[in-house]
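So the chains spell out like this:
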Amino acid sequence: MDMNRSDKPQSSIPPENLFHTDTPAARIALLGLLTALSVIMGYIEARIPLPLPVPGIKLGLCNIVIVFVLYRFGGLRALPVSLIRVLVIGLLFGTPVSMLYSASGAVLSLLGMVLLRKTGRFSVIGVSGAGGALHALGQILVAAAFTGGTGIFRYLPVLLLAGEFCGALIGFVDLILLRRLKSRRNEHVL
Amino acid sequence: MARTDSASEKALGSRRKTFRRADLWLLLLIALSSVLLFVFFLWKDTRIRTPVLEISQDGQVVGVYPLSEDRELLIGSKESGGYNVVRIENGKIRITEADCPDRSCVRSIAIDRRGGSIICLPHRLVLRIADGAGGIPDAVAE
Numbered sequence: 001m002d003m004n005r006s007d008k009p010q011s012s013i014p015p016e017n018l019f020h021t022d023t024p025a026a027r028i029a030l031l032g033l034l035t036a037l038s039v040i041m042g043y044i045e046a047r048i049p050l051p052l053p054v055p056g057i058k059l060g061l062c063n064i065v066i067v068f069v070l071y072r073f074g075g076l077r078a079l080p081v082s083l084i085r086v087l088v089i090g091l092l093f094g095t096p097v098s099m100l101y102s103a104s105g106a107v108l109s110l111l112g113m114v115l116l117r118k119t120g121r122f123s124v125i126g127v128s129g130a131g132g133a134l135h136a137l138g139q140i141l142v143a144a145a146f147t148g149g150t151g152i153f154r155y156l157p158v159l160l161l162a163g164e165f166c167g168a169l170i171g172f173v174d175l176i177l178l179r180r181l182k183s184r185r186n187e188h189v190l
Numbered sequence: 001m002a003r004t005d006s007a008s009e010k011a012l013g014s015r016r017k018t019f020r021r022a023d024l025w026l027l028l029l030i031a032l033s034s035v036l037l038f039v040f041f042l043w044k045d046t047r048i049r050t051p052v053l054e055i056s057q058d059g060q061v062v063g064v065y066p067l068s069e070d071r072e073l074l075i076g077s078k079e080s081g082g083y084n085v086v087r088i089e090n091g092k093i094r095i096t097e098a099d100c101p102d103r104s105c106v107r108s109i110a111i112d113r114r115g116g117s118i119i120c121l122p123h124r125l126v127l128r129i130a131d132g133a134g135g136i137p138d139a140v141a142e
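Protein sequences appear in the order of chains A and B. Sequential numbering from 1 applies to the first sequence in the working numbering. Sequential numbering from 1 applies to the second sequence in the working numbering.
Honestly, the hints are just simulated from the structure, not real lab data. Keep in mind that the hints are not guaranteed to be accurate.
As the list claims (entries may be wrong) - DSBU-like cross-link-like pairs, simulated, lysine-lysine; straight-line CA separation at most 30 Å:
id : chain 1 : residue 1 : chain 2 : residue 2
1  : B       : Lys44     : B       : Lys92
2  : B       : Lys92     : B       : Lys78
3  : A       : Lys118    : A       : Lys58
4  : A       : Lys118    : B       : Lys92
5  : B       : Lys44     : A       : Lys58
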């Protein structure tokens, strides 16, 4: 991972180094901190269940962190953060089955977001919105495999829309975050 | 790693534009496909001639019931845990009681002959309106 660290120009800080994470230890510590933050967001969300007639709709606050890590550290680092978050939140507030739904949603959504981001055509809002929809799709696919039926796909339209909307909202939050954390020259503080 | 860096530089460089036209198209495309899916399901429901309630668990049909008779069904057992109470009343189907962790099946909107489904994910239970054209409703599996 650190293969071309030495031949990077010193004058400009590479985007993933904005947090002064040029040593593996510092990076691991920061990513651990961010993982914990996303778990806390999951906790907050678990405390306020939405009284909706359709299962599986959540704002997905913890994805603020995942999208942030994706943009600052790349998909390779966002994947473990996302999976550890799914594992911990699942163990604390969910069931093994709900963990499986979340994991498949998280992986599919991250994969899609990595690819969409690589095209360079979309802003955080678009990438995150599509990620939210893909999250719903991943969950539904596993749920369909579990219930062994097509009945579940009836929920797909509303879940796709909800996921897209929440994802776009989260992308907007991340846009602000990514800007704020760049403009304040605190790279060496955090 | 170098590819990721160039990707993030690309993304950072274009951050001045908050919301781009490409974003709008992407989001509209997803929204449109969900609307199309929704319409497809509505269309499928109109094809149902003799609506019956089909209950399946773990992917297997455990019972088919007519909508005309009011009844209350217990799926699973209250003693060993993992139960749902399904009520058919005036042609409307609801889950009135369940011991699943999220209870979203109880909150679900009632379904009737026009189609739809109620799902209890933790119990892997699916209630859906199916076409009982084969004359199944009388031979109820109980």
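Taking 30 Å as the top limit, are the C-alpha atoms of Lys118 (chain A) and Lys92 (chain B) close enough? 49 Å, violated
Agreement of Lys44 (chain B) and Lys92 (chain B) with the hint, judged by alpha carbon distance not exceeding 30 Å: 19 Å, holds
Quickly compare the C-alpha distance for Lys118 (chain A) and Lys58 (chain A) to 30 Å and report which way the hint goes. 27 Å, holds
Pairwise hint evaluation, Lys78 (chain B) against Lys92 (chain B), where the allowed Cα distance is 30 Å at most: Holds. Lys92 (chain B) to Lys78 (chain B) sits at ~23 Å (cutoff 30 Å).
Checking one constraint from the list: CA of Lys44 (chain B) to CA of Lys58 (chain A), max 30 Å. Satisfied? 28 Å, holds
Of the numbered hints listed earlier, the single one contradicted by the structure is hint 4.
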